[in-house]
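Participant: What follows is the residue order along each chain.
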Amino acid sequence: MRHLLSIHDLSKDEAQEILDTAVELARLSEGSVKKFPTLRGRTVVNLFFEDSTRTRISFEAAAKRLSADVINFSAKGSSLSKGESLKDTALTLQAMGADAVVIRHSASGAPHQLARQQWMKGAVINAGDGTHEHPTQALLDAFTIRRKLRNDQGDLAGLRIAIVGDVLHSRVARSNVLLLQKLGAQVVLIAPPTLLPVGVESWGVEVSYSLDSVIPNVDVIMMLRVQRERMDDLFFPTEREYSRNFGLNAERLGMMQEHAIVMHPGPMNRGLEISADSADSERSVIVDQVANGVSVRMAVLYLLLGGATMRDSISVGAEVSS
Amino acid sequence: MSVVLNAGEIGRALRRISHEILEKNHGSSEVILLGIPTRGALLSERISREIHDIEKAPIRTGTLDITMYRDDLRMRAPRALVPTQIPAGGIDGANVVLVDDVFFSGRTIRAALDAINEIGRPRTVQLAVLIDRGHRELPIRADFVGKNIPTSKEESVRVHLSEIDATDEVLIEGRAE
Numbered sequence: 001m002r003h004l005l006s007i008h009d010l011s012k013d014e015a016q017e018i019l020d021t022a023v024e025l026a027r028l029s030e031g032s033v034k035k036f037p038t039l040r041g042r043t044v045v046n047l048f049f050e051d052s053t054r055t056r057i058s059f060e061a062a063a064k065r066l067s068a069d070v071i072n073f074s075a076k077g078s079s080l081s082k083g084e085s086l087k088d089t090a091l092t093l094q095a096m097g098a099d100a101v102v103i104r105h106s107a108s109g110a111p112h113q114l115a116r117q118q119w120m121k122g123a124v125i126n127a128g129d130g131t132h133e134h135p136t137q138a139l140l141d142a143f144t145i146r147r148k149l150r151n152d153q154g155d156l157a158g159l160r161i162a163i164v165g166d167v168l169h170s171r172v173a174r175s176n177v178l179l180l181q182k183l184g185a186q187v188v189l190i191a192p193p194t195l196l197p198v199g200v201e202s203w204g205v206e207v208s209y210s211l212d213s214v215i216p217n218v219d220v221i222m223m224l225r226v227q228r229e230r231m232d233d234l235f236f237p238t239e240r241e242y243s244r245n246f247g248l249n250a251e252r253l254g255m256m257q258e259h260a261i262v263m264h265p266g267p268m269n270r271g272l273e274i275s276a277d278s279a280d281s282e283r284s285v286i287v288d289q290v291a292n293g294v295s296v297r298m299a300v301l302y303l304l305l306g307g308a309t310m311r312d313s314i315s316v317g318a319e320v321s322s
Numbered sequence: 001m002s003v004v005l006n007a008g009e010i011g012r013a014l015r016r017i018s019h020e021i022l023e024k025n026h027g028s029s030e031v032i033l034l035g036i037p038t039r040g041a042l043l044s045e046r047i048s049r050e051i052h053d054i055e056k057a058p059i060r061t062g063t064l065d066i067t068m069y070r071d072d073l074r075m076r077a078p079r080a081l082v083p084t085q086i087p088a089g090g091i092d093g094a095n096v097v098l099v100d101d102v103f104f105s106g107r108t109i110r111a112a113l114d115a116i117n118e119i120g121r122p123r124t125v126q127l128a129v130l131i132d133r134g135h136r137e138l139p140i141r142a143d144f145v146g147k148n149i150p151t152s153k154e155e156s157v158r159v160h161l162s163e164i165d166a167t168d169e170v171l172i173e174g175r176a177e
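Protein chains in written order, with this note's numbering: chain W, 1 to 322; chain C, 1 to 177.
Since the hints were derived computationally from the structure, they do not count as laboratory data.
These numbers were taken from a predicted model, which means no experiment stands behind them.
Glycine included, C-beta positions come from ideal geometry on N, C-alpha and C.
One or more of the hints may lead you astray.
To be verified - Computed beta-carbon distance windows for the label pairs: (1) Y209/W <-> D114/C: 55 to 63 Å; (2) Q153/W <-> D143/C: 36 to 44 Å; (3) G41/W <-> P87/C: 27 to 35 Å; (4) G97/W <-> T38/C: 32 to 40 Å; (5) D280/W <-> H19/C: 56 to 64 Å; (6) G41/W <-> I164/C: 57 to 65 Å; (7) R240/W <-> A88/C: 39 to 47 Å; (8) G184/W <-> P58/C: 35 to 43 Å.
Construct the entire structure; sequences and hints are all you get.
Facilitator: Okay, here's the thing in structure tokens:
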């Protein structure tokens, strides 16, 4: 594994290796040791062309716990806002010696472009590109589900997982569908027809327009944020109607199975897709998701940068495998 | 490929090491055995059973994964992490005995000392190994040795333990006849 661009590129074994590594890192982080010397001397650049709180902070915490140096680049207040191209930014990062670039971009495919063009030698980690993918979010969601319902063991075979809401604009949904299916789970998408992408039939998932009919027989319900910033059109009549048909509330919470859990990738629109009492209920693992995110991102950084990398092979010699 | 220790000899060496650990530490109450995965952890389990049989009292044991502290991480592909389990109550003030299978360059033990340093401050750190094959690259020595086996750097020493390898034996590979 040289980059983490898409769940598509991961085999099931690689995905499970990331989850297993994260289990050990989570266990270590619970102990007295909070910081490891493993990535000392490595530089991780957070390159964020789009706003983010938890993903950027999560990557920053993960890199720092492994003793890497972290440089934060955000589009606002840098020459990116002066119209610098992705290529020139990449060349700058290469010159500064970035071992890994964590990139978030509003254009789908920007991380692939960065990785494929060989402008820089470092590893590229996709932290969300447009409406395409958000692989580390899917990995941390799978980690959270596996921790809660499978005791950190094996895959997710036999679980039925509902993803509810704005699938159309959601890179989280796309990455999750790919990963959860790869790990053997059965995925149900629930959304109004206007918020389902064209070609969803080919994803190999069940699609439903009725939350109430699906909710009693799922193990996990994953609520998606209604992405108003990406909506240049009217996708549903009113927020109240959306909330009534597709929002999670106390009544629907009561229809769920005893062991079922509630997830949300954040940030939440409380009162729209999820009611405040659902978000704060016993079933909610939303805060666990954030904590697990750090362990999963530590695992990704460790697996990409912990061993020999492209940059090392230049100085160490050709026999080094990357 | 030649066998340098068979099952009986491994058993006797571990029994002797167990007695030596007890003798040096005046009993088992202050001792914590920390095995370095994979085979060091298995050996530390066996030593803890021996000590339990001798002293009729439980001894604290744990495992210590040193992967994150290695100095050769950048020379090869990333390694899988394995569990670190430190006994409840920590290692402060205890006599920690590190247990590993083959003692070679000393770099594993250096990494283990770094890892221990992060976890706490033991009173002493001692080292028990089944095989000492020489070729140290650092000023580190073992306190308890199962067997000293002079080797050349080209040879490799393989420890097989019945828990994972079906048999108990120590082999040397690549020795010129």
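Participant: Against this structure, judge whether each hint is valid.
Facilitator: Now the hints, each set against the structure:
1. Range check, Y209/W to D114/C: about 57 Å between beta-carbon atoms, so the 55 to 63 Å window is met.
2. Restraint check, Q153/W to D143/C: a C-beta distance of roughly 38 Å satisfies the suggested window 36 to 44 Å.
3. At about 33 Å, the beta-carbon gap between G41/W and P87/C stays in the expected band of 27 to 35 Å.
4. The hinted range of 32 to 40 Å is satisfied by G97/W and T38/C, whose Cβ atoms lie roughly 36 Å apart.
5. Distance hint check for D280/W and H19/C: the Cβ-Cβ separation is about 59 Å, which falls inside the suggested range of 56 to 64 Å.
6. At roughly 35 Å, the beta carbons of G41/W and I164/C sit outside the given window of 57 to 65 Å.
7. A hinted range of 39 to 47 Å is violated for the C-beta pair R240/W and A88/C, which are about 53 Å apart.
8. Our hint of 35 to 43 Å for G184/W and P58/C holds, since their Cβ atoms are close to 41 Å apart.
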